[in-house]
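Given only the sequences and the hints, what does the whole structure look like? Please build it.
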Amino acid sequence: MTAPHPVSLQVNGERIEAYVLPRTNLADFLRDHLKLTGTHVGCEHGVCGACTIRVNGEIVRSCLMLAVQVDGASVETIEGLSDSGEISDLQEAFRARNALQCGYCTPAMLISAQDLLKREAEPDRERIREHLSGNYCRCTGYQAIVDAVEATAKARKDRDKGREP
Amino acid sequence: MNKPENKTLSELDRPNSYIGKTVPRPNLDRLLQGRGVYVSDLELPRMAHVVYVRSPHAHAKIISVDTQAAKKKPGVVAVVTGEALADVITPWVGVLSHMKGLKSAPQRAIAIDRACWQGEAVAAVVASSRAAAEDAAELVAVQYEELEPVTDMRTALESATPVIHTSLGDNLAFERTFEVGSADAGFADADEIAKTEFIFGRHTGVTLEPRAVVADWNAAEARLTIYQGTQAPHMVQNIAALHLGLREAQVRVVCKDVGGSFGIKVHIYADEMATYALSKLLKRPVKYVADRVESFNTDIHARDHRCKGRVGVKRDGTITAFEIDDLTGIGPYSMYPRTSAIEANQVVNLVGGPYVTPNYRARARVVFQNKNVMCQYRAVGHPIACSVTEGLVDLAAAKIGMDPVEIRRRNLIADDAYPCTSPAGLRFELLSHHASLDKLLKMMNYDGLRAEQANLRKKNIHRGIGIASFIEVTNPSAAFYGVGGAKISSQDGVAVRLDAQGAVVCQTSITEQGQGSESLTAQIVGSVLGVSMEKVRVILGDTDQTPYGGGTWASRGAGIGGEAALQAAKILRKNILDVAAAILQSTPAELDIANNAVVNAGDGTPRIELHELARIVYFRPDTLPPGIQPELMATRHFVPRQYPFAFTNGVQASWLEVDIDTGFVKLLKHWVVEDCGVVINPQLVDEQIRGGVVQGLGAALFEKCIYDERGQLTNANMADYLVPMSGEMPDIDIGHVVSPTSESELGAKGAGEAGTAGAAAAVANAVNDSLKPFGAVITEIPLTPQVILTALKRI
Numbered sequence: 000m001t002a003p004h005p006v007s008l009q010v011n012g013e014r015i016e017a018y019v020l021p022r023t024n025l026a027d028f029l030r031d032h033l034k035l036t037g038t039h040v041g042c043e044h045g046v047c048g049a050c051t052i053r054v055n056g057e058i059v060r061s062c063l064m065l066a067v068q069v070d071g072a073s074v075e076t077i078e079g080l081s082d083s084g085e086i087s088d089l090q091e092a093f094r095a096r097n098a099l100q101c102g103y104c105t106p107a108m109l110i111s112a113q114d115l116l117k118r119e120a121e122p123d124r125e126r127i128r129e130h131l132s133g134n135y136c137r138c139t140g141y142q143a144i145v146d147a148v149e150a151t152a153k154a155r156k157d158r159d160k161g162r163e164p
Numbered sequence: 000m001n002k003p004e005n006k007t008l009s010e011l012d013r014p015n016s017y018i019g020k021t022v023p024r025p026n027l028d029r030l031l032q033g034r035g036v037y038v039s040d041l042e043l044p045r046m047a048h049v050v051y052v053r054s055p056h057a058h059a060k061i062i063s064v065d066t067q068a069a070k071k072k073p074g075v076v077a078v079v080t081g082e083a084l085a086d087v088i089t090p091w092v093g094v095l096s097h098m099k100g101l102k103s104a105p106q107r108a109i110a111i112d113r114a115c116w117q118g119e120a121v122a123a124v125v126a127s128s129r130a131a132a133e134d135a136a137e138l139v140a141v142q143y144e145e146l147e148p149v150t151d152m153r154t155a156l157e158s159a160t161p162v163i164h165t166s167l168g169d170n171l172a173f174e175r176t177f178e179v180g181s182a183d184a185g186f187a188d189a190d191e192i193a194k195t196e197f198i199f200g201r202h203t204g205v206t207l208e209p210r211a212v213v214a215d216w217n218a219a220e221a222r223l224t225i226y227q228g229t230q231a232p233h234m235v236q237n238i239a240a241l242h243l244g245l246r247e248a249q250v251r252v253v254c255k256d257v258g259g260s261f262g263i264k265v266h267i268y269a270d271e272m273a274t275y276a277l278s279k280l281l282k283r284p285v286k287y288v289a290d291r292v293e294s295f296n297t298d299i300h301a302r303d304h305r306c307k308g309r310v311g312v313k314r315d316g317t318i319t320a321f322e323i324d325d326l327t328g329i330g331p332y333s334m335y336p337r338t339s340a341i342e343a344n345q346v347v348n349l350v351g352g353p354y355v356t357p358n359y360r361a362r363a364r365v366v367f368q369n370k371n372v373m374c375q376y377r378a379v380g381h382p383i384a385c386s387v388t389e390g391l392v393d394l395a396a397a398k399i400g401m402d403p404v405e406i407r408r409r410n411l412i413a414d415d416a417y418p419c420t421s422p423a424g425l426r427f428e429l430l431s432h433h434a435s436l437d438k439l440l441k442m443m444n445y446d447g448l449r450a451e452q453a454n455l456r457k458k459n460i461h462r463g464i465g466i467a468s469f470i471e472v473t474n475p476s477a478a479f480y481g482v483g484g485a486k487i488s489s490q491d492g493v494a495v496r497l498d499a500q501g502a503v504v505c506q507t508s509i510t511e512q513g514q515g516s517e518s519l520t521a522q523i524v525g526s527v528l529g530v531s532m533e534k535v536r537v538i539l540g541d542t543d544q545t546p547y548g549g550g551t552w553a554s555r556g557a558g559i560g561g562e563a564a565l566q567a568a569k570i571l572r573k574n575i576l577d578v579a580a581a582i583l584q585s586t587p588a589e590l591d592i593a594n595n596a597v598v599n600a601g602d603g604t605p606r607i608e609l610h611e612l613a614r615i616v617y618f619r620p621d622t623l624p625p626g627i628q629p630e631l632m633a634t635r636h637f638v639p640r641q642y643p644f645a646f647t648n649g650v651q652a653s654w655l656e657v658d659i660d661t662g663f664v665k666l667l668k669h670w671v672v673e674d675c676g677v678v679i680n681p682q683l684v685d686e687q688i689r690g691g692v693v694q695g696l697g698a699a700l701f702e703k704c705i706y707d708e709r710g711q712l713t714n715a716n717m718a719d720y721l722v723p724m725s726g727e728m729p730d731i732d733i734g735h736v737v738s739p740t741s742e743s744e745l746g747a748k749g750a751g752e753a754g755t756a757g758a759a760a761a762v763a764n765a766v767n768d769s770l771k772p773f774g775a776v777i778t779e780i781p782l783t784p785q786v787i788l789t790a791l792k793r794i
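Chains A and B supply the protein sequences, listed in that same order. Just so we're aligned: 116 in numbering that gives the first Met the number 0 is position 117 of the first sequence, and the numbers increase by one with no gaps anywhere. Just so we're aligned: 103 in numbering that gives the first Met the number 0 is position 104 of the second sequence, and the numbers increase by one with no gaps anywhere.
If the Cβ cut is set under 8 Å, some of the chain A residues that face chain B in the computed set are:
id	residue
1	V46
2	I77
3	G102
4	L131
Simulated from the structure, these hints should not be mistaken for lab results. Beta carbons are placed, not taken as given, at the ideal position from N, Cα and C, and that holds for glycine.
Rendered as structure tokens:
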């Protein structure tokens, strides 16, 4: 059970083949093996949310998953979401509203916020606050983050309206 | 309240000035894309990882440390005991000479004979990976003989209690007594006296990135490079050199992105010292990243005060006297190098600070215990002093049946009374308590809220309003640490240069942990030079690359580092205009710089682009008139000299609802009016305040390090130690009054602690306001459901 185990997966659209120890968690695999250091580790027990990533489209805490569990899966991290442009408007809203200070919680916060925005077109502030409650931020006090997510939701809605025939 | 009018526009008031404008911080994309570089991300060739074996006991004799089995584990580089490491690094004592009587015992990087708190390192395991080091650490066999722990600060000084460090004689680290006027006469003069004991839970900063350091001793260069998320790189350089027997020139400290600091990362921890020493011992890079359990057990804790307070008041609302007796337990050692007596000292200094208080008596005692070390965390002493003062003021108001706002109006120092000196001897240059309170009441619609509160009472809904005025220490001079012998600089330096393409490179000694140091520096330099902000590159956090200075802590970055930037940019601007005048056959007085070009001062007509000027200076100096030697780089330093501290002031209000059946508090809204002088970037100031408020709200409602009687920290993880989450935090409205300091041309004071200073006091007062019909008064934080239900006699 302690021998390295082969895994094959997609990470940000790139095919990865690797041998991992069964005990290696996904956050460590991404950071230490693949050097995707945008995934941050805050508590290593699934509370702070700083290691949030996407696995097969769902947000997960990568410190609570083992690397061997993602064999055959599609993993997306902040690096991938940034390069694809999927969250560029959300990132711009965070920038304009100063919805980050030290930036340590930010990649995961963006991924959690995008998860909400993909599910709900018009979340109100309370709904945003609720959805982001699994992502700790010690710097901002959250209000700027809620503002940025709310502004992005509104802008996306207006944009989609504009596209209607 | 306005800045004295100048005859001409200053550099900061020019049409394209960035001062007072909300502009996004530069280089945020790096953090937004996960492409920042935190110390925990760093990897160096041959880098090894260290894991510390830590004492499971609060107080224990170390009988033996058997490292044999651990050393045999694959991947292990070394297993090092305190004794072995003592050959490389000397112990330290956390005292300052101006804190009279403060004593502490020598502390070692790794404990040798005795562990004095649960979590103190007793051995280090260095291996090829953190996992390998953790595996081997389990094989280090330490034999302990448990000693009786000193845990309760209330009995720490009793003769039956063991003395933690026998060489010190007792467990008293520091005591300060103070009296001005006559407290006895003040109380004799009072119509009513209110007294109570305030209890503050021990809590900690919980930076989302744990403390992390990579130390890289290059034996061939005889030089140590320390990569560390620190607020004070030059302080780390000095201390590391001192204890490793090196010259400062042999130590470079590099500080890149920092995942939260809040004062947690302004100290020097034993495990960080040990990591520097291990690198020197092993001649290779060594990385230490605390895990979350270690963070809770070793990051400094703060607050943990019990403060008895008394206030005398006349029937007309005049406060006649304040008296406090404060007790705090700081763990087994005074922290190094800032010491652990500062918070209690601040409490003595700050109690009663916003008020005209002719009679004030205070005592503060700081005692040792076998718990984790305590030291300066955001708003050092302020939340204690503010909660005590504002709690007492509310109690006094209740005694005489006066509205909490009215009693404050009658006692706050008048806005036209400045400059003046507080009872504790603090010198105030210019504050604005009344203007701030007026603005706050308007913002919150105080009368409307009172009416709403009364209406809801009839429906058995219990809401409360809490008000808290406060003062804040910012822009500290050498009075804070330098006079006590600590080599912690209170001055900062900035170097500015025009590069060969007309862009600006700026090196500053202040540091960035997300507050906006980089932004405010670029805003000031861009404004003074007439250069757009995106052309200003700011370099910070590297002792090899920046001028010498203090860093970012105690709300000093903008006020001190910002002024240095302003003065440096002014010199460079003059130098540029001198060269331009020579090139253009004009005079400097006829020229100005705007929009990245030298222009006619009179009509703004562009004369020469800065990049063209730079091209001539750097590549065709032969075409300049004889005798001209351009200096396109300038350096200036700044430190406040007239006032030891630039005090700011403000007032906060909380509106909340208490569920009297469950004891849960729902925060509905929070307001802050703050006066930090000239505001450089309104959005960044507001976000500093909001973040600070939420840390104060955490202390008010959730955060507490819970120790048992054996000195075991029982909630050292994020699931059991609660911090504010987005779902339970309110929106926070912020207003400003502007009273600039005339100590600097910039006029900026600090804003980093204001939010934390008054938030808990406002919440506690609001909870008590909501509980008024039940006759319950609570003077303890955090205000957990248990505390509230106990006060309501429901449990």
